[in-house]
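What the sequence shown shows, in the numbering used here, is residues 536 to 678, in sequence order.
Derived from the structure by calculation, the hints contain no laboratory data. Just so you know, these numbers come straight off a predicted model, no measurement behind them. A couple of the hints might just be wrong.
Derived CB-CB ranges, DEER-like [said to hold, decoys possible]: (1) K648 to K548: 17 to 27 Å; (2) S651 to A565: 40 to 50 Å; (3) D552 to A666: 42 to 52 Å; (4) S557 to L583: 31 to 41 Å; (5) K577 to L598: 36 to 46 Å; (6) V553 to P656: 44 to 54 Å; (7) K548 to D621: 37 to 47 Å; (8) N596 to D552: 28 to 38 Å; (9) V676 to P556: 38 to 48 Å; (10) I675 to P595: 25 to 35 Å; (11) V676 to Q551: 32 to 42 Å.
All C-beta atoms in this analysis are idealised placements derived from N, C-alpha and C, irrespective of residue type, glycine included.
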Amino acid sequence: MSHGNKQQWILAKRPQDVPDPSEVVFQEVAIPDTTAGMVLVKNHYISLDPAIRLWMSDIPNYLPPIPIGDPIRATVVGEVIESGSDHLAAGDLVFGLGGWETHSTAPAEFWTKIPSDSEFPLHYYGNMLGAVGLTPYFAIVDV
């Protein structure tokens, strides 16, 4: 099924110091077909976290560097448009590792389903209830 195009910011070159606008490029590309095990999400919220700067460098860390030409990696919150997984269905709200783009396609295991009865605003899952918020919370509580 064709889903049209998506807009995205890709890494054009690696920052050497403070990131510069020339290091990311805006483009419009076709949304890829959703294959087995993959999930297509329409992003409603996209994070801008300190870790992104590290991922833009060529220094290996807990995640590999973003390849040149790939979308800038980020936590996203959105709605499943199409799923190649038995665990997520169209209409489910999720958060996970996507990109600076209108739509993200990633393996089902990259996504966490947001409970349908959640009382929290969706954007909380991109920060306070995501890695950026829960990491320091548990560092304080479990220390």
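Checked hints:
no.	hint	in the structure
1	K648 to K548: 17 to 27 Å	36 Å, violated
2	S651 to A565: 40 to 50 Å	31 Å, violated
3	D552 to A666: 42 to 52 Å	26 Å, violated
4	S557 to L583: 31 to 41 Å	18 Å, violated
5	K577 to L598: 36 to 46 Å	23 Å, violated
6	V553 to P656: 44 to 54 Å	32 Å, violated
7	K548 to D621: 37 to 47 Å	40 Å, holds
8	N596 to D552: 28 to 38 Å	18 Å, violated
9	V676 to P556: 38 to 48 Å	39 Å, holds
10	I675 to P595: 25 to 35 Å	28 Å, holds
11	V676 to Q551: 32 to 42 Å	38 Å, holds
Going through the hint list in order, the structure does not satisfy hints 1, 2, 3, 4, 5, 6, 8.
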